[in-house]
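> Letter by letter, the chains look like this.
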Amino acid sequence: MAAKALVNYTDHPRKNVFRTLWAKPIIQYLNGILGKKLVYMGLPGIGAFDIKEWIDYLDMVFAYQCLDDDKEYEEAQKEFETLKDYLNACTIRGTLNDYNLYKGYLEQVVMTGYDEDGQEFNQNDYVTVYNLDFCNTLTKPFPVVYPDGKKIECYKLDAVDKLIEHQVNVEEANRSDKFLMFITVNSDFLERNYDDINNSKFKKYRTRINNNGIDPSRQARLIKAYTYYHLNEIFAKYNFRAEFLPPMYYEGSGGRRISGTNQWMPTMMLTFTILGTNIVNHEAPVAHQNVDEYLAMKFLYANNTALSCYTERRIAETDFNPEPIDMIKKSFTVTSLWV
Amino acid sequence: MKLTQNDIGGEIISIITKGMYADPKDALREYVQNGVDAGAEKIEIRIRGDKIVLQDYGTGMTKGSMRRAVRVGMSDKNPKLSVGFMGIGLYSSFHLCDKLVIHSKVDGHEPNQLIFNFKQMRDVLDEQKEARILKLNVDEEGASQVALLPLLEDHVEFTALTNADYPTVGTRVEMSGVEENFFMSLSKFEEVSDYLEKVVPLPFHPEFTPGKEIQEYIDEQCKERGAIFRIITLNLDINGRKEDLYRPYKDSDFLPSKPSKPVFKILQSDTEFYGVSWGVLNASNNVIPNAKVRGFLLRKQGFALGVRDNLLAKFGAKFFNRYVGEIIVVHPQLLPNGARNDFEYSNLRTSFYRVLEDTAEEFNDDANDYQEQEKAEVELVKLIDLYRETRSQLRFFESNSDKLLDVYKTISTEYNKFKKRMEAGGGKVETGGGWKIRTSIKAEALTTMKLLDDLIVEIKNLIEVKKEAKKKKPATITETAAILSQAPASREQPNVEKIPSSLADVVELIGYEFSKDIKQIFDLLEQKYIRPTTATEEDFINELISLKNEIEDINNDEF
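Residue numbers (the working numbering), protein chains in the order written: chain F, 1 to 339; chain S, 1001 to 1559.
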């Protein structure tokens, strides 16, 4: 019985590489730039591995956690409590100043303003590091139910839009102008959505990808462009200038067996790293990231132990040094806006 | 008679706490009170779903204090220095939550932890009750019933911690598994903040102008007498909505008026110092519009006892609701009762209430004086206007003996009325007393009286020598202006609309000029057509007002 009561959650090595070798140095660097610990918002999972890894640099946590639908309610609730107890223990030990844990999907909580327990969502602090580990596809709608019973189809980009809106509405005393955002999505993609992009550079990019027959990373490349385009629209709407570092491409923990074969097809994941800066108070015009350069760059790739550039021989892409501090120091955000 | 530990049942905890802490928010007050007693200047309350955390930054509890805090009805606290003293407050959340966890650390010492498993305790007591109902397993002696001591021993855990476990100096009280009915109420920010703002010793709101002066007065008086009155910075955070709380008074509570200058009274007898009180009157002599703050609130060292209306009987209804105020008791022997709505019965309490009644009367007298001063000021404004109007128009009617007589009568009456009340000085209206003219307007009042007096004499002379006066040239506008320049400036009297007394008045008020002949026509029309349709003078005036409004509407339509 005791064994059954144990919470079953696991980590996987590529995620660990992302957290420790990629994200942590960047967070540490941002911590140094801001001169204070960061406000985290994300989906840490029951194991809260990212929070545990980055705890030295965090002050406050906004976390979303839904109950595991595949488990009995009691068991799923117990898992949820495990995360809550961990965060609470952090505040007792003083390793975290405060936390807000919301039960439910991020989209549901952010869009409706309430979590599954009726807890109100309030964001009174400016988030300086997001880790939005969505796991599933960016383009799949999620049904959101409002307290008055109204049901709408919500997209992850809608939720991100709402989060950025909250950022600019934080009371002035708590406001900052910088943030770091990690977004992880499944590289499966409803390609027809790409047709919405009315921009010649992005259209050319698709043509270029299509001409090279580079599956399975073809889909990931389209998401790379699609996400860049749409997130930039959201950031611009709220007067943020965003810079995207090369997205990290890696095998997720899931996958499927190709029917009729013994071949295992892993789920490929993509994690974006975005540096955001509020430019509302900048008097001089602020430059944009060079889209062509971004699209031409290779993926960052994580295996179980290290980071590298992902080389696809059928398409010519730019190499880079996959060293996070080197990359962030050379970024136009840091050189032109943050330092 | 020898008793054993089994003679005090565990149910006593449930009974006492249910009676003493009817509102779940009372537990917040109790733990805040513990923080204040521990010298905390800052307390944070965080409510997250079904978990409530109070963090105070006081001195913390030593291992021994924590050990003793478990006791029921026994307290280490000195009533002279502390507000809590009954030794039960820790159990105030007995019915509120499943588990109470207390971490505490004294500077330079290792921290400790206390866990109260309230749900388990309640379950044991419920099972016991159930068994009694079903008559199971209960002997006549009741020995199978759970006694208090083993109940606490089984469900309260004490753990020594290290600094890494809890490094903060102070005390952290965590209630988890808050009952659903309670946490729905406790998750409403306004409901919780309203409660805390009323009952907890908080600073004045920055938007309450007299607050600074009042706080300085209280501090000074308490310091002078060696009494203790502490206020705390309290931050309330409910599901991320975070605010510092203040006492609930704001200037906006007085709108459309404003707060007047605060009045202070010391509550003391020949031998005892009970405390201080302050009151701020509504400047407009009306009831304070915000019902939540009007009247006086009784506080013991900053913590509210009962509600405002409790003191209504001591003050009487006339002026109570025109004040915002507090009666702050710091006497160490005046102790709050269990329900925290009054003091415990004692001779001292009786003496205190006697002093309070005298104080209430003083506040009422002040309000009365203020009211009379205000009235005097209003009357003075009217008098100045009367003078200016009469003086400026005199040259137009100086040949009209009827009008002269009329004006003479009016201004003589107003002059004498004002003079009489001014000379009578202060005193209650019901005893025929006069007005206390404020020093700031005394000179203005005297000048006005002098000018009016001159004007009366002048009119009187005009009447008496009307025939001769007719031969005189009428006064020029320049001459009138020169005389008027000596008068006090015209003062605005807001919202005073002149009421017509005749049809001619109506036309004049609308702004039309007409000759004497036309006036006679208006008078004739009035006599023939308006008077016969109205039964009383009041109806007649109302008819004129309505006629005036209708004509004005026509004019407006034309524009």
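The hints are simulated quantities; they were obtained by calculation from the structure and are not laboratory data. Note that the Cβ used here is the ideal one computed from N, Cα and C, for glycine as well. Careful, some of the hints might be misleading.
Cut-off 27 Å, straight-line C-alpha distance, at most; resulting in silico cross-link-like pairs (DSSO-like, lysine-lysine) [to be verified]:
{"hint": "1", "chain 1": "F", "residue 1": "Lys151", "chain 2": "F", "residue 2": "Lys162"}
{"hint": "2", "chain 1": "S", "residue 1": "Lys1119", "chain 2": "S", "residue 2": "Lys1063"}
{"hint": "3", "chain 1": "F", "residue 1": "Lys37", "chain 2": "S", "residue 2": "Lys1516"}
{"hint": "4", "chain 1": "S", "residue 1": "Lys1042", "chain 2": "S", "residue 2": "Lys1318"}
{"hint": "5", "chain 1": "S", "residue 1": "Lys1223", "chain 2": "F", "residue 2": "Lys162"}
{"hint": "6", "chain 1": "S", "residue 1": "Lys1261", "chain 2": "F", "residue 2": "Lys84"}
{"hint": "7", "chain 1": "S", "residue 1": "Lys1119", "chain 2": "F", "residue 2": "Lys78"}
{"hint": "8", "chain 1": "F", "residue 1": "Lys36", "chain 2": "F", "residue 2": "Lys78"}
{"hint": "9", "chain 1": "S", "residue 1": "Lys1129", "chain 2": "F", "residue 2": "Lys162"}
{"hint": "10", "chain 1": "F", "residue 1": "Lys140", "chain 2": "F", "residue 2": "Lys150"}
{"hint": "11", "chain 1": "S", "residue 1": "Lys1242", "chain 2": "F", "residue 2": "Lys52"}
{"hint": "12", "chain 1": "S", "residue 1": "Lys1450", "chain 2": "S", "residue 2": "Lys1382"}
{"hint": "13", "chain 1": "S", "residue 1": "Lys1403", "chain 2": "S", "residue 2": "Lys1442"}
{"hint": "14", "chain 1": "F", "residue 1": "Lys52", "chain 2": "S", "residue 2": "Lys1051"}
{"hint": "15", "chain 1": "S", "residue 1": "Lys1417", "chain 2": "F", "residue 2": "Lys150"}
{"hint": "16", "chain 1": "S", "residue 1": "Lys1261", "chain 2": "S", "residue 2": "Lys1250"}
{"hint": "17", "chain 1": "S", "residue 1": "Lys1314", "chain 2": "S", "residue 2": "Lys1450"}
{"hint": "18", "chain 1": "F", "residue 1": "Lys84", "chain 2": "S", "residue 2": "Lys1528"}
{"hint": "19", "chain 1": "S", "residue 1": "Lys1292", "chain 2": "S", "residue 2": "Lys1025"}
{"hint": "20", "chain 1": "S", "residue 1": "Lys1250", "chain 2": "F", "residue 2": "Lys84"}
{"hint": "21", "chain 1": "S", "residue 1": "Lys1018", "chain 2": "F", "residue 2": "Lys151"}
{"hint": "22", "chain 1": "F", "residue 1": "Lys201", "chain 2": "F", "residue 2": "Lys330"}
{"hint": "23", "chain 1": "S", "residue 1": "Lys1375", "chain 2": "F", "residue 2": "Lys37"}
{"hint": "24", "chain 1": "F", "residue 1": "Lys84", "chain 2": "S", "residue 2": "Lys1242"}
{"hint": "25", "chain 1": "S", "residue 1": "Lys1258", "chain 2": "S", "residue 2": "Lys1188"}
{"hint": "26", "chain 1": "F", "residue 1": "Lys24", "chain 2": "F", "residue 2": "Lys201"}
{"hint": "27", "chain 1": "S", "residue 1": "Lys1025", "chain 2": "F", "residue 2": "Lys84"}
{"hint": "28", "chain 1": "S", "residue 1": "Lys1528", "chain 2": "S", "residue 2": "Lys1516"}
{"hint": "29", "chain 1": "F", "residue 1": "Lys36", "chain 2": "S", "residue 2": "Lys1135"}
{"hint": "30", "chain 1": "S", "residue 1": "Lys1519", "chain 2": "F", "residue 2": "Lys71"}
Stretches of chain F that chain S covers, calculated by requiring three or more beta carbons in the stretch to come under 8 Å of a beta carbon on chain S [to be verified]:
{"hint": "31", "segment": "126-137"}
{"hint": "32", "segment": "142-149"}
> Could you run down the list of hints and mark each one as holding or not?
Results for each hint:
no.	hint	in the structure
1	Lys151(F) to Lys162(F)	holds, 17 Å
2	Lys1119(S) to Lys1063(S)	holds, 25 Å
3	Lys37(F) to Lys1516(S)	violated, 87 Å
4	Lys1042(S) to Lys1318(S)	violated, 39 Å
5	Lys1223(S) to Lys162(F)	violated, 53 Å
6	Lys1261(S) to Lys84(F)	violated, 51 Å
7	Lys1119(S) to Lys78(F)	holds, 18 Å
8	Lys36(F) to Lys78(F)	violated, 33 Å
9	Lys1129(S) to Lys162(F)	violated, 52 Å
10	Lys140(F) to Lys150(F)	holds, 19 Å
11	Lys1242(S) to Lys52(F)	holds, 26 Å
12	Lys1450(S) to Lys1382(S)	holds, 15 Å
13	Lys1403(S) to Lys1442(S)	violated, 31 Å
14	Lys52(F) to Lys1051(S)	holds, 22 Å
15	Lys1417(S) to Lys150(F)	violated, 70 Å
16	Lys1261(S) to Lys1250(S)	holds, 14 Å
17	Lys1314(S) to Lys1450(S)	violated, 44 Å
18	Lys84(F) to Lys1528(S)	violated, 88 Å
19	Lys1292(S) to Lys1025(S)	holds, 18 Å
20	Lys1250(S) to Lys84(F)	violated, 39 Å
21	Lys1018(S) to Lys151(F)	violated, 42 Å
22	Lys201(F) to Lys330(F)	holds, 24 Å
23	Lys1375(S) to Lys37(F)	violated, 62 Å
24	Lys84(F) to Lys1242(S)	holds, 20 Å
25	Lys1258(S) to Lys1188(S)	violated, 30 Å
26	Lys24(F) to Lys201(F)	violated, 33 Å
27	Lys1025(S) to Lys84(F)	holds, 24 Å
28	Lys1528(S) to Lys1516(S)	holds, 18 Å
29	Lys36(F) to Lys1135(S)	violated, 64 Å
30	Lys1519(S) to Lys71(F)	violated, 96 Å
31	126-137	violated (count 0)
32	142-149	violated (count 0)
Comparing the model with each earlier hint shows violations of hints 3, 4, 5, 6, 8, 9, 13, 15, 17, 18, 20, 21, 23, 25, 26, 29, 30, 31 and 32; every other hint is respected.
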